[in-house]
Amino acid sequence: MAEIVALGIDVGSRSMELVALDAQAAVVDSARLPTTFHPVAQLAALLAGRTAPMVTATGYGRELVAQVVPAAVATITEITAYALGAAVCAPKARTILDIGGQDTKAIRLDAAGQVLKFEMNDRCAAGTGKFLEHMATVFQIPVEEFGVFALGGQEGVRINAMCTVFAETEATSLMAQGHRPEDIALALHASVCQRTASMLGRVGLTPPLLFAGGVARNPCMVRLVEKFTGVSPIIPKDPDTVGALGAAHHAWRRWASSARSAS
Amino acid sequence: MQHDAYRAMWERLDLDLPAHDGLLQVLGKFYGDIYMSQQGRLQGMEYLDFVLSEVHGLRIQELQEAKAQGRKVIGTFCVFVPEEITLAAGAIHVGLCAGAEAGTELAEQLVPRNTCALIKSFIGFKLARLCPFTQSCDLVVGETTCDGKKKAYEAFAEHVPMLVLEVPQQKQSCDRELWKAEVLRYKAEVEALTGQTITAQSLAAAIRTVNARRRVLQRLGALRAASPAPISGRDALLINQVSFYDDPVRFAGAISTLCDQMEARVAAGEGVAPADTPRLVLSGCPMAVPNWKLPYVVESAGAVIVGEESCIGTRNTRDLVDESGTTVEEMIDAIVDRYLRIDCACFTPNSERMDNVVDLARAQKADGVLQYTLLFCQPYGHESMKLARRLEAEGIPSLAIETDYSMEDVEQLKTRVEAFVEMLRSRRG
Ligand code: SF4
Ligand code: SF4
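Protein sequence lines correspond, in order, to chains A and B.
Reminder that position 195 of the first sequence reads as 195 in our numbering, one-by-one numbering, no gaps.
Plus 1000 on top of the position in the second sequence (first one is 1) and you've got our numbering.
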């Protein structure tokens, strides 16, 4: 394997990702693990002895990385990391939507890929991947299949509650009224999407739109985002690792400039 | 802090001593973390450290001594209560706005849960018997500004002697008439309370005293336009907070000395942070002492605050009372006009505030504006949306933060603020 010169690590609240780059800034390795309640131990497992001259960490647990990595670690916020990641996997994107495990963000970029405006969800999990995950459990469907299941639904049912607990109550009472589970599942997806669309509206959605984060794998969400915004989103090959990719490029730039000044 | 000497006094003021001890302990630790950890602080800040360490001690003792000599203490919650009149009648004027979570459960028995943290705090402090200022007041003056406060005063009146002034909601000539009648009513009430008649001489002196304090705070604000910033935003906020309860003459003297030090620093091109540090103006709801959460998050994220567009900031210091009046009548008119220039979000419309924020951001050479709204605050919540659009049109980046006094959202706030600071840095290139 080519020599790793830069590592990017994204420590999210639900999962952590790693992306390694070589001297040509090509991705040579990547890895992913759940965060759990022992993030430091998980980080050590994620790194599995990998190291690099330059490491950049992002995500809510970014400060933890310095405890595990011997090299000096730079930290950047998820907003900056996603903007950098988008510049690599969708260079033309002017808006990023990221729906992750516990937070959702909308970022508008200028033509040069710089952040112009951003929005993040507030304290609660409504409108995030966690909400869909919880509902999938209520439906006793693996979360990976929940989107496909919802695609089989028909419009007409509405879920109004934004709070996870109340939405569950609403879903159960709709079931008791005899609505088809597929229709209710679709309505639950739509309620998340509604929130997302208004967040995109607040930053001033400008196409092309990059849809990142684990929820971008959910086909029903992709279809609804398109329906609610009128923009068909670009889905990166690996939607979970856009943040880690951005962090890796941040580290790579530092490596490149230090290599330049050393020669 | 030398607490033992004050215990008897606190007991006389009917404070809940164990709870009050706990509060002072938390406050001391908080202050240490947020203030004493700063590098390159101005020497003159020692005065503020001292005043804050004695906020429940020496200052309260001074109030008690003044009361023993027959002076009255008037507490307020809003910059609309004309301090000149209080002083001209020989009374002491203190700002009571509380900026910490205390007695919340008790407060929620008097006001709805979806009430802003500031209101819950002043009610909580009273019900939990934690605030020696409130306990020292002979009169508490409220005002009809936002609905939250207006209704809270009805409940509060059962616990303290209250007077509520009617602040108009518009600025037409009939509103001015109403406001003038209220200022005169306040004058009569204070004269009755103190037994002193306000004269042209005492009123002129009071106007000069309060203007002098505003001028020194204006000077402080102007010095903060320098780059690198000569003082941290935390320290500047503290100065503004202390201005609400310290003796106005002593305070103005101490801050003037501090401004001399700042001037020397600016002349030497020195500051508290490197010149390329992103500069922010805070704008919105009042940050009452000891609400230092957001400034701390901002300055830990590598930015520096160079102005506060708030009641504990420029809204309180921007306008002076015209000093040319010679009769009580003329001076009252000057006071009425000055106070009606306050651009509180309770007014409708309130477009002057939008201009004032833009002007302040430009004057302080700010890279961006951080809007701060307390959760459940309708007036500033509405204006924050309007202001965001105006700032965007002016090409000034802004970020809106909605929060309260609890610490549970600090991590989310950090991410937002850091991302904003990163954005401003990359814009600078
Ligand atoms: S924000 Fe308005 S109501 Fe509140 S203290 Fe300021 S002027 Fe008074
Ligand atoms: S912060 Fe807002 S809601 Fe609270 S007292 Fe002030 S104006 Fe009223």
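Rather than coming from a laboratory, the hints here were simulated on the basis of the structure.
Just so it is clear, CB atoms sit at the ideal spot from N, CA and C, and this is done for glycine as well.
Take the hints with a grain of salt, since some may be wrong.
Unchecked claim - Some residues of chain B that are not near chain A, with every Cβ distance over 10 Å (derived): (1) L1193; (2) T1199; (3) G1271; (4) P1397; (5) E1411; (6) M1423.
To be verified - Label-pair restraints from in silico Cβ distances: (7) F166(A) to G1070(B): 34 to 44 Å; (8) K92(A) to K1386(B): 50 to 60 Å; (9) Q1038(B) to A48(A): 13 to 23 Å.
Now the hints, each set against the structure:
1. L1193: holds, 45 Å
2. T1199: Answer for T1199(B): holds, closest chain A Cβ roughly 54 Å.
3. G1271: Non-interface label on G1271(B) holds, nearest chain A Cβ at 25 Å vs cutoff 10 Å.
4. P1397: violated, 8 Å
5. E1411: It is violated; E1411(B) is separated from chain A by about 6 Å at its closest Cβ, not greater than 10 Å.
6. M1423: violated, 4 Å
7. F166(A) to G1070(B): 34 to 44 Å: Violated, at about 59 Å.
8. K92(A) to K1386(B): 50 to 60 Å: With a Cβ separation near 33 Å, K92(A) and K1386(B) fall outside 50 to 60 Å, so the hint is violated.
9. Q1038(B) to A48(A): 13 to 23 Å: violated, 41 Å
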